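Number of protein chains: 2
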Amino acid sequence: MSTLSPNVRKTGTTLADGRDLFYFDDSEPYLSGSQTRRLDDPRPLTDRYAPVPDETGVNQPMTGPTMRYDVLTGEWIPHAAHRMNRTFLPPADANPLAPAKPGAAYSDGEIPAEDYDVVVFENRFPSLMRVPGVEDVETAFEGEDMWRIRPAAGRCEVICFSPDHTKSLREVTPRRMRTIIEAWADRTEELSQLSGIEQVFCFENRGQEIGVTLHHPHGQIYAYPYLTPRTTQMLQQARAHRAATGRNLLRDVLEAELRSGRRIVLEGEHWVAYVPMAARWPLEIHVAPRRDVADLAELNEAERDELATFYLQILNMMERFFPAQPDGTLTKTPYIAGWHQAPTGEGREDLRLHLQIFSFLRSPGKLKYLAGSESGMGAWISDTTPEKIADRLKDIAPEAVAAVAASTDNNEVTA
Amino acid sequence: MSTLSPNVRKTGTTLADGRDLFYFDDSEPYLSGSQTRRLDDPRPLTDRYAPVPDETGVNQPMTGPTMRYDVLTGEWIPHAAHRMNRTFLPPADANPLAPAKPGAAYSDGEIPAEDYDVVVFENRFPSLMRVPGVEDVETAFEGEDMWRIRPAAGRCEVICFSPDHTKSLREVTPRRMRTIIEAWADRTEELSQLSGIEQVFCFENRGQEIGVTLHHPHGQIYAYPYLTPRTTQMLQQARAHRAATGRNLLRDVLEAELRSGRRIVLEGEHWVAYVPMAARWPLEIHVAPRRDVADLAELNEAERDELATFYLQILNMMERFFPAQPDGTLTKTPYIAGWHQAPTGEGREDLRLHLQIFSFLRSPGKLKYLAGSESGMGAWISDTTPEKIADRLKDIAPEAVAAVAASTDNNEVTA
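Chain order of the listed sequences is A and B. Mind the numbering: the first sequence is residues 1 to 415 in our numbering, read in order. Mind the numbering: the second sequence is residues 1 to 415 in our numbering, read in order.
Accuracy of the hints is not assured; some may be wrong.
[Said to hold, decoys possible] Cβ-Cβ distance ranges computed for the label pairs, FRET-style: (1) A:K366 to B:V52: 18 to 26 Å; (2) A:K366 to B:D145: 31 to 39 Å; (3) B:V137 to A:K366: 30 to 38 Å; (4) A:A324 to B:G261: 52 to 60 Å; (5) A:G365 to B:N95: 18 to 26 Å; (6) A:D145 to B:G261: 14 to 22 Å.
Quick caveat, the hints were computed from the structure, so don't treat them as lab data. Here the structure is a predicted model, which is why all the values come from computation and not from measurement. Positions of the beta carbon are idealized from the N, C-alpha and C atoms, including for glycine.
Work out the full structure: start from the sequences and follow the hints.
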């Protein structure tokens with residue numbers, strides 16, 4: 001499916017360097033999408049595919065990022081060294097995701113509109129990029145058959161969740177969250193159709209503890225031209241499970257979690273949230289639909305509607321997991337939230353949509369570091385148990401649900 | 001091999017809670033190992049296998065850490081929740097790795113001796129531990145066949161590189177480094193023979209940026225009761241390579257690096273250091289012996305001798321990779337250094353010893369964070385290229401070599 005909901009209007013435009021930008025507006029008069037309020041992007045940006053000077057100053061054709069096959073692990077590693085040629089870095093105090101100032105001739109940020117609801121645009125310094133004319137073929141590196149190199153011909157997009165830079169995603173209204181889901185589904189569907197794209201990953205990095213320097217609420221969407229290591233692993237496990245049982249692994253995981261109930265932390269009509277049986281992070285929740293669905297684009301209206309509220313409830317649980325400060329201020333839990341979606345091609349029937357949301361935080365001010373065992377060997381060590389995590393989440397779930405209900409009420413009053 | 005070098009004497013003792021401790025002394029009168037200078041450990045520690053009170057205060061048999069099989073990824077995840085029952089945490093300003101104060105009746109730290117050269121002991125709060133009487137079998141969890149759980153029946157040891165807490169490992173003399181190599185080799189050999197141990201990992205986490213709070217120079221040795229994800233991947237790749245070519249993957253990687261020469265940063269008679277062709281970290285070096293060797297215990301005397309100097313040269317290159325401060329002080333490069341060793345059992349002939357040393361630092365004060373793509377998808381993105389890393393390392397190699405030579409001269413004078 002993924003026809004846009006009638007409540008959302010999508011309007012595309014092109015930025016000065018040739019990148020795509022899409023507005024997703026959910027309120028009359030669909031402001032950022034309306035021609036009268038939309039601005040052109042008159043920044044003096046060089047076309048993104050323009051030749052770039054080499055070390056000696058001579059212009060060379062832009063070839064884009066490449067990736068190399070790590071023969072020790074079987075993984076592709078994009079080396080986005082071209083990102084270092086960043087010429088127009090915004091000043092440190094600038095917010096490139098803010099709307100243009102009212103009355104200004106144009107925005108000095110990325111979004112040429114005085115206001116917006118949700119907006120998606122191609123990343124200006126992407127790790128993955130297809131450059132027209134660059135053939136997407138694998139070649140031997142340094143003449144060694146064993147060493148392979150390829151263009152990192154994917155696509156990186158940024159999604160702004162709100163025009164208000166002071167907000168966190170958990171503070172948007174369910175109505176706005178519904179629009180974000182619509183945008184995720186739309187991008188998943190469109191990016192899946194691009195040549196060479198094997199999977200689409202919608203995710204949010206939240207918190208300066210994980211390196212986020214731009215506090216404006218935003219996420220990212222990566223369209224990978226290869227199957228990522230985690231997806232490869234899951235696919236391998238799912239195929240072995242299907243061979244042994246004839247069943248879908250992720251469906252069986254959900255059913256086993258439901259049978260046990262011990263780690264279920266939130267349930268809706270269409271969605272279930274649980275701490276996975278072998279959680280590796282100090283705080284980790286998986287969210288899965290009850291119906292077998294490959295990706296966000298396949299969700300129906302009822303599932304999307306419920307998810308808008310459910311997702312905000314989960315984010316509010318994350319924010320309440322650690323004790324509040326003495327004055328009642330919630331701990332800003334740093335987290336990574338990522339949607340695992342089935343590949344666009346082979347293996348699609350073996351995987352199943354689910355959200356993985358997790359935090360590096362062990363307690364306020366104390367991070368789990370990925371040191372020798374994790375970073376050197378990939379061998380995780382957890383200092384807690386999934387059941388302890390689930391117990392705490394169950395305790396705070398009612399408060400999180402109430403917080404979202406209050407936000408809905410406010411929204412209805414002011415709408 | 002791994003008979004101890006005649007210049008090193010090993011002396012074992014037992015700490016108050018039953019843990020093993022081994023002194024590796026390299027100088028007359030082999031002080032920490034001599035009966036007259038060694039102290040008993042009279043701390044009032046509870047036996048480490050003693051029953052522990054449950055939530056209601058009733059003592060229960062100590063069962064040790066368990067690990068669960070993550071059916072989504074095929075990885076074992078130890079959940080060391082018992083570590084939270086830490087009863088005797090040292091005060092924040094204490095250094096449990098310091099030798100006892102001269103004349104004191106006993107140490108208030110872990111090492112009951114007034115001085116030592118190199119010492120290894122079992123970690124007091126291990127993530128992996130075999131508890132006598134606990135059978136090492138896999139069982140179904142919550143009655144689900146798909147969900148498996150097992151004792152995390154491995155072993156975690158700590159190695160102190162120097163009695164001087166102000167030193168970094170790169171500042172020890174080659175002679176002391178030689179003793180450390182001897183200790184690593186000895187522990188690798190002994191731990192490999194323990195029942196159920198599948199691989200031994202000697203590593204060092206260096207720097208508070210990766211969560212190290214104890215600045216005393218030390219490393220860790222993990223004996224895993226399973227093959228780690230990275231080793232599993234390498235084994236899979238090595239087997240595919242052997243099937244396709246009849247050759248050893250890691251040997252072919254070394255030979256291809258030598259043929260290219262582009263990323264070789266240091267060469268000795270027995271050892272080669274290079275930036276791997278598909279390096280994923282902002283700074284990453286692999287060090288491999290020229291001879292096919294499965295693990296540290298298989299190194300011969302000549303290889304160990306050269307490695308002592310070679311290893312220190314590599315650490316000195318790490319410390320000079322980023323620009324020094326204006327007053328000439330070197331940047332304390334945070335790093336993880338880990339020895340990839342062949343498994344103790346199946347697959348041993350397909351892998352080959354190599355050191356992987358890498359840093360999260362992109363530039364002074366700026367870390368690479370493992371955010372959504374890396375932590376959620378396992379999909380690495382590098383912002384540099386292996387060749388750029390190698391160029392910088394080649395530039396600073398002579399200075400690093402000179403620094404170690406100066407340290408050797410000083411050592412010879414004072415010895």
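Given a hint of 14 to 22 Å, does the C-beta separation of A:D145 and B:G261 actually sit inside it? holds, 18 Å
Supplied distance hint 18 to 26 Å, evaluated on CB atoms of A:K366 and B:V52: holds, 23 Å
In this structure, is the beta-carbon distance linking A:G365 and B:N95 contained in 18 to 26 Å? At 22 Å between Cβs, range holds.
Take a look at whether the Cβ-Cβ distance between A:K366 and B:D145 falls inside 31 to 39 Å. 37 Å Cβ-Cβ, so the 31 to 39 Å window holds.
Within 30 to 38 Å: is that where the Cβ-Cβ distance between B:V137 and A:K366 falls? holds, 35 Å
Should the hint that A:A324 and B:G261 are 52 to 60 Å apart at their CB atoms be regarded as holding? holds, 58 Å
Consistency note: the structure conflicts with none of the earlier hints.
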